[in-house]
Amino acid sequence: MKGVKNNSIWLDAFFKLKKNKLAFTCLIIIIFYFAAGLLCALGVLFPHYALTNNDRSYLPPSPEDWFGTDIFGRDVLARSFHGIKISLTVGLAGTGLSVVIGSIFGAIAGYFGKVTDDLIVWLYTTLDTIPYILLLAGMSFVLGGGLGTLCFAIGITSWVNLCRLIRAEFMKHREKEYVHAATAIGSSHFRKIFVHIFPNVFHIIIINFSLGFIGAIKSEVILSYLGLGVEPGTPSWGLMITDARLELSRGVWWGLAAASALMFILVLAFNLFTDALREALDPKLRGKL
Amino acid sequence: MLKYVLKRLLYMIPILLGVTLITFLLFNVVGGDPALQAAGRYATPEQVQLVKAELGLDRGLPAQYLFFVKQIVSFDFGRSWSTKQTISKMIMDGVGASLSLTIPAFFLTVFLSISIALLIAYFRGTFVDRAIFVICLAAISLSSLVYILYMQYYFSFQLGLFPISGWSPDWLERWEYLTLPIFIFVSISLGGSVIFYRTIFMDEIFQDYVRTARAKGLSHTAVLFKHILRNALIPIITIVVIEMPALILGSLLLESYFGIPGLGGMIFQALQSADFPVIKAMTFISAFLYMIFQLISDVLYVVVDPKVQLK
Amino acid sequence: MKRVFCSSNLKVGFAGAFFLSIALSLISCTSKKNNLANELRIASANLKGLDPVATGDETSSNVIALLYDTLFQYQYLKRPLTIEPNLADGMPQVSKDGLVHTIKIKKGIFFSDDASFSGGKGRELVSQDFVYSWKRLCDPRLASEGFWLFDGKVEGLDDWRKAVQKDGKNFDAPVPGFQTPDSSTIVIKLSRPFYQLHNILAMVYTAPVPKEAVDKYGKEMVNHAVGTGPFRLESWTRNSQISLVKNPHYHGVYPSVGDTGDAEKGRLAMAGQKIPFVDRLIFYEIVEDQPIWLKFLKGDTDITAIPKDNFDAAIKNKDVAPDLAAKGVKLDRAPGYDLTYTSFNMLDPLFKNNVNLRYAVAQAQDTKTTIEKFQNGRGIEAQSIIPPELESYDPNFKNARLEFKVEKAKEYLAIAGYPGGKGLPELEYMVTNSSTARQGAELFQTDLGRLGIKVKISAVSWPQFLERLRDRKFQVTGAAWVADYPDAENFLALLYSKNASPGPNNSNFSNPEFDKLFEQAARTPPGPARNALYQKMRDISAEQLPIIPSTHREGYSLYHGWVTNYKANSVIVDRFKYVQIDVPKRTQLKEKL
Amino acid sequence: MIQIKNLSVDFQTAEGQFRAVNQISFDIPKGKTVGLVGESGSGKSVTSLAMMRLILEPNGKISQGQILYEGTDLLKLSEPQMRKIRGNKISMIFQEPMSSLNPVFTVGYQIMEALRLHQNMNRKQALEQAIDLLQQVGIPSPEKRVKSYPHEMSGGQRQRVMIAMAIACRPQLLIADEPTTALDVTIQKQILDLLRSLQSKYGMSLLFITHDLAVIGEIADEVVVMYRGNIVEKNKTSEIFRSPQHPYTKALLSCRPSMIENPQRLPVVGDFMDDRGQEIKKSLQAQPIKMAKKITTADPILLEIKDLSKSFPVRKSIFGKVLEEARAVDHVSLKVPKGTTLGLVGESGCGKTTLGRSILRLIEPTSGEISYQGTNVMALGRKELLKFRKKMQIIFQDPYSSLNPRLTVQEALLEPLEIHHVGNSKSEMKDRTELLMKKVGLDPKMLSRYPHEFSGGQRQRVCIARALAVEPEFIICDESVSALDVSIQSQILNLLVDLQDQMGLTYIFISHDLSVVKFISDQIAVMNKGKIVEMASPDEIYKNPQNDYTKKLLTSIPKGFVI
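Chains as they are written, first to last, in the working numbering: chain L, 1 to 289; chain B, 1001 to 1311; chain F, 2001 to 2593; chain R, 3001 to 3563.
In case anyone wonders, no lab produced these hints; they're calculated from the structure. Do not rely on the hints blindly, as some may be mistaken.
Simulated crosslink set (DSS-like; lysine-lysine; CA at most 27 angstroms straight-line) [to be verified]:
no.	chain 1	residue 1	chain 2	residue 2
1	L	Lys176	R	Lys3543
2	B	Lys1084	F	Lys2107
3	R	Lys3321	L	Lys114
Here chain F is said to cover these stretches of chain L; the calculated rule only asks that three of the stretch's residues, wherever they fall, bring their Cβ under 8 angstroms from a Cβ of chain F [claimed, not checked]:
no.	region
4	231-237
5	244-250
Quick reminder that beta carbons are idealized off the backbone N, C-alpha and C, glycines included.
Okay, chain L solo, but in the shape it has when bound:
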């Protein structure tokens, strides 16, 4: 897209987003989260998150520790921020995998049709028939816990929706005149799929990625509750919320509050941003979950 002063659809979408103050704020929040996650991963931000001090356990919020301390006297705020790292990893890797599977399968099924389509439709109908939570839990259970498996399980269980959408889009685009025109000038299948149709459905992938991201973050919490989350000792929101649900009754509300609040802000920002993204990229899709 070496477009000089021309507005491509993406640039156009960006300007639309920029005008939408709420969405722009959300984008800034999301960028802030990504930056925070990155800084935490690099050890620049809150390097002391794992620092224990057993004399300081369960200290309530104070000017010193904004969100108090946990059972081992660790800074809850620091841990919550490091939770961003985990959530973003789960979101990016899990959703990334699902998007790759979903869009490639969808493209192939929608474009080629016939037996290929039948097979892929069969595969995703089958997967879709099994309740998501059972499939996801079963998958993580069988593969064992841990961050890697978690991402993998989320990835290979959550591609169905996107696949279905992309397939439908490909079936529609396959019959569009610009694709026929491409055939007429002799484009190969590969070229038609990746150079011609893909850019035209890319906004759906982007929107779905964004939605999947939210889903993955929430899945992490549920799987942690089921005991299928990331490695213990890792500061993830899921584990923090799960542990904090017990601690709540001893009056330690800050653990739950910090993790839920950070998650709430991220998910809300993502939700609002996704909606604005939809409006900017494809007004017809606005407000759809």
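Take the given structure of chain L and dock chains B, F and R to it, following the hints.
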């Protein structure tokens, strides 16, 4: 119509086979040796061998798969490894409890969210629309655990409006225990639901026939409640029907917190104790129900939508 | 359909109000009704089944013990625990060589009424019922977890088992070791002296189950209870609640001998009276801590354990917090007869021949913090594998190797060949996947981190945990052992090499000297000689440290002011049969809650 | 009866405020028909919606003016008062009869709805009335059809239902917004006849909105011409046709190819006025009349089709066996001599598009032969087909969907060059794209733009450039000018003619529009229900049609106002 239903039923066979294949692969092949789980804690190797024979696990994988399919066809899933209860009985016991939580909650949610979505549709593009939309998004961004913990503590304990947890096998008496969980269920799912239905209405609102109806002299409300609602009901009914089989899965968190002996809790325990027969059975049953309801939904679609005609 | 939606918003309001009013009216009448019943209500984890043979988990045992009855039991109030006859008519006669035990049973004890009996009336308990039930326990087809009780101890049992495994019909063949000369006498012939037999016969696994019921219900025994216990099954809504009603013909009476302090606490007021005192006993099956705790605070349950995270709110200075005390809540503390420990897998080459590495880990562990953080201070630092309250426990025994001394640990680590942790591969610490277990693992991680040892935590589900123990596929793990019966043997068995996985010796420790002593102790009747042997074994384990004893926990339970006669003990599983409820006082006290 | 004074309508868009209708004024006399004509974006539909006060708020707003109906200003009425007018005194029919009818209610119900609302009829009375109305609009067996759903009727019948609904309460004014645009010419004629007869029967006024001057000429008493939100001319129909005053009106009248005879080059708007709407005073040079090339048997044949068929499965058994199929193309045989244009004309669904695509093997024909310069196209393998694609190209109907919106024009033009290795280096290819742009009359500077930055006509030029990139010999134009406004249409037609002259191209020109086909073709094939029913030279078809269907087609074409 009959032929259509028949065709759909036939189509279910490969899907069902797919479901059995996935569950089988997941739990019998990848998931380690089930006999070790089933034999109990201090089982000697001979005992494990014995259990294997009983569960049909000493045979080759294809034979095991056939055994599993046979179990399904005869609807006999055997006994739970953990509780030693027959799975069919466990499911029969739990299904009523799950449904008495989820059905009222689900329909209340549908009813409320359609009402609110209509309201938003009426005020579309205004501040009310935007505000409700943002509130709904905020509501779905909050972890459901937070709703449960807080609402149970506040409404049951602090205010004492509801029992903290409990259950009655009696159909009339159990509502006392169910009111709060239902209320929480509705609160958790309302946001997403409203947004969803809002989209459906919004899709309809810009259709040409709406303009025609207005040109006829119908009022805003009449157009909304008669023309738009009637059209929107088609996707709504079909979607509602598709969502219904999930109701038997109950609600994992709510059941655990409110002592409701439903299938959600059962699945939760089965997952925690690697009770594969239970998980397999539930996976299969919900997949089966899902397909049946999918079919019902498609048939309903044909019935309620005059546009669709079967050839 | 159109019309329904026309006035939607109004209708919603109506529906809401309607719901609320129904709910409120129901609550008010039911809760009033409940207050007047002479019922005991207790929160419990999820109950699996009611068959004494099929289900052996703690929760189920607590209920089964009230429905079925055993030959022997422990005196309710007396400490240390003393065994006494229950269904047995007096203590057994033991032959000189300790191999033949003759037990008389009480007459006039009837099973609860059940459709499986002819005429539906419960018949009288006979000696054959015991033998039948024990054979069932040993039936290889049922694969009962309680089989180890008799395993390798009863004459001819192995042969019988082999025969049954071959053909189920051989079940009816006699086991030479279980004999019934008449309907009120049982003779048990052992293949080797085994002085824990009487303790074993106090465990619910060995409770008599009538053949008629098993014939009728088969595997469905998990849903039926045909016993001679203090209560009878009224109804069970699985995963919700089980309701037991009083057995009016129960033979038991309230004990008249108490321990120090029992009389002051009013626990002897009912001495000699027929038990049980309550008409009905209800267990609510609740999974989550929040509802368990809130229900107790509301007075909806009468007795409760204290969820870990509610402890600070409940207990102040080892006594009931003032606000709760003002509401009449009382505390009962009881030794737990248990041991928490860190277990090495002695088959792992890393630990097998490196006692210094084990010492290093032992001295790096901050046990005090463990007690503070995870046990709310209710526990003591373990010095050995034998918990207090047992006869062979020596309060003066101290093991210096268990002291928390980081410097010392570092020294040992250097001797072990890994100065500063260099060269030592990352250790894998296996835990079950619960919040508390995970946090415990994190503490272990921190502790060893001080020595420069890296620890990877792998959290697995309970079945996976068991599977990996059984397959000996782990490096280090944390575990706990709760006594089946009050004898050190039950703990020392954790290190007996023949009990190696899949048996309870999960560390797979194998020491010929230890084994020899263990076998010798089994042949020795209770008394100082046996205690000396126990202590020798204790010393070997203290020297070798295949497991690092960590803590002995103490049980705290709270009960409301209207509950009397409650005295907690983890070994006395049928303790609720002695409890009494003061109904008027409940009505009065509940007002304040 | 209705007076519109200084009406302005503004729309709020992302780019800012946009005035769709600018201070327009005109009257609609009682019992007369006023035609409102203009091209897309001229503001004619907005005007009609404004009269009904159906502009969607809050984006659209009537910012000034008055709409006087029997002396009352409709814009001052409250919403409930306005509702009494809508559908009762003033009613409206729309362009798309399918989407304008509510799909889930029967047509009877939808007609009765207005009756019960405005005339206080009970169900029975309303039903009788509805049947009567269906009868009046010419729906056969109305007692039965009253229970039909919209999708069960044909396009023409649906529009009749819309009319029945609109006239149900005997309105004094009927607004018809492009009521025949979506319909085939034969149906269009029927609907126009119906509207005329109903108007005279009830003596109502009619505001007829269309882009097609010929239709206006048939029906209107007075014509209002709109251009970019303004009224540029209003007059009696006869005056408009006889002596148009405004250059835009003049251009509109002359741009459209006539059925009788046409100049070599069609006049375009640019010949009459400049960008600001100022009249260009230049006398048009007398152009020679365009004559169709005479086709003789001696002409070298470029493309020959024999017995070509294409069928689609309609019904399949459970096991996927085709039980019933529809023949879209039914044994068609054609010959196209080199350097000529074959016009393929027919109504929607006659199979002309399928035929065009089958020739290029964009869809695989079921049976038959295609021979191109002696090569059997049907037998070509993948690689050979690729080479063949260089020779035959296609230009589609919709310039919006036939260009990939995510590729710049340069990328779109480079693609065929790269695939067919036309040009040796990247820079040479880029030079070629600039040449192509010039050839189709576009500024090469626009190469880096995306399709959505072009107007419809410019896009169609890009499509032509893309087709020309591989230097083909043969091009199929599939309804290539149908989606364009008349003023643009003429430009593209001129371009196609010029290119043929310059490069010796051969065309198959597919269209539903007989006059366009007549203008461009050297021979015409008329298609109906998958078959070619008649094939002859344009003059012959026009003057001496043999086939009944051709005759029907010809008589249905609106003649405009015959001077």
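Hints and how they fare:
{"no.": "1", "hint": "L:Lys176 - R:Lys3543", "verdict": "violated, 38 angstroms"}
{"no.": "2", "hint": "B:Lys1084 - F:Lys2107", "verdict": "violated, 33 angstroms"}
{"no.": "3", "hint": "R:Lys3321 - L:Lys114", "verdict": "holds, 14 angstroms"}
{"no.": "4", "hint": "231-237", "verdict": "holds (count 3)"}
{"no.": "5", "hint": "244-250", "verdict": "holds (count 6)"}
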